[in-house]
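First to last, the sequence lines map onto chains A and B. If you're matching positions, the first sequence starts at 136 in our numbering and goes up one per residue. If you're matching positions, the second sequence starts at 136 in our numbering and goes up one per residue.
Hints may be right or wrong, so weigh each one.
The list makes no distinction among identical chains, and a pair is therefore deemed to hold if it is satisfied within one copy or across any two copies.
Pairs of lysine to aspartate or glutamate, EDC-like flavour, derived with a Cα cap of 20 Å [as the list claims (entries may be wrong)]:
| id | residue 1 | residue 2 |
| --- | --- | --- |
| 1 | Lys223 | Asp167 |
| 2 | Lys213 | Asp143 |
| 3 | Lys165 | Glu226 |
| 4 | Lys139 | Asp207 |
| 5 | Lys139 | Glu211 |
| 6 | Lys171 | Asp191 |
| 7 | Lys159 | Glu148 |
It should be emphasised that the hints constitute simulated quantities derived from the structure, not laboratory data.
Number of protein chains: 2
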Amino acid sequence: MIIKGINDVPTAEVNGDNIKDVKKQVLIGKDDGSDKMIMRLFTVQAGGNTPLHTHDFEHLVKIEKGSGIVIDSEGEHKIEPGMVIYVKPNEIHQFKNNSNEELQFTCTILA
Amino acid sequence: MIIKGINDVPTAEVNGDNIKDVKKQVLIGKDDGSDKMIMRLFTVQAGGNTPLHTHDFEHLVKIEKGSGIVIDSEGEHKIEPGMVIYVKPNEIHQFKNNSNEELQFTCTILA
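Pulled out of the complex, with its shape left as it was, chain A reads as follows (with noise of 0.2 Å):
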């Protein structure tokens, strides 16, 4: 077992076309021992946003703190804590920061 707090785990900056002020720690991932699932936590600036992209693969998302939107095929939805979401395999999806406060969210994924 390994348990860990959330504020020891490293933070990386995330770099890419039409990202912006998006930082990423793994909460349990590979170096962990866990080959089947990764959790993430993204932290996502005042201003920030995530990249307007889609993959073959899904995401389970909870909102942690802050607040923002996130924007799929049919337009922009609020997002605050309290909410999860599901982004299908194959779906457009950003998530953007409006607010004046850190956005934070876990996104789990397969490894």
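Got chain A; can you put chain B on it based on the hints?
Frame of chain A; chain B shown alone:
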């Protein structure tokens, strides 16, 4: 994309040997089209516990609210919000709420 509030997700009592005052919500699962991973939220009342058991699949756990202990083959470990736990396949484990408040944690498994 499926977006929902945790409070809108049905709650079911978890019954079984050596389980006390545990409720489960399937936050994202097969009913949402998620056929590879399932994110559940467990609520353990003060004095309650999950079973001491083992199985061949892993758990990705994040403590959301309250406090308690998790037990593995090495003994008891305190748990509280801000902590994540990787329970390996075939590892014995039990969650106990030894506090006076509700304990909540998400637990993601393969579907």
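- Query: Going back to the hint list, which numbers does this structure go against?
  - Reply: none
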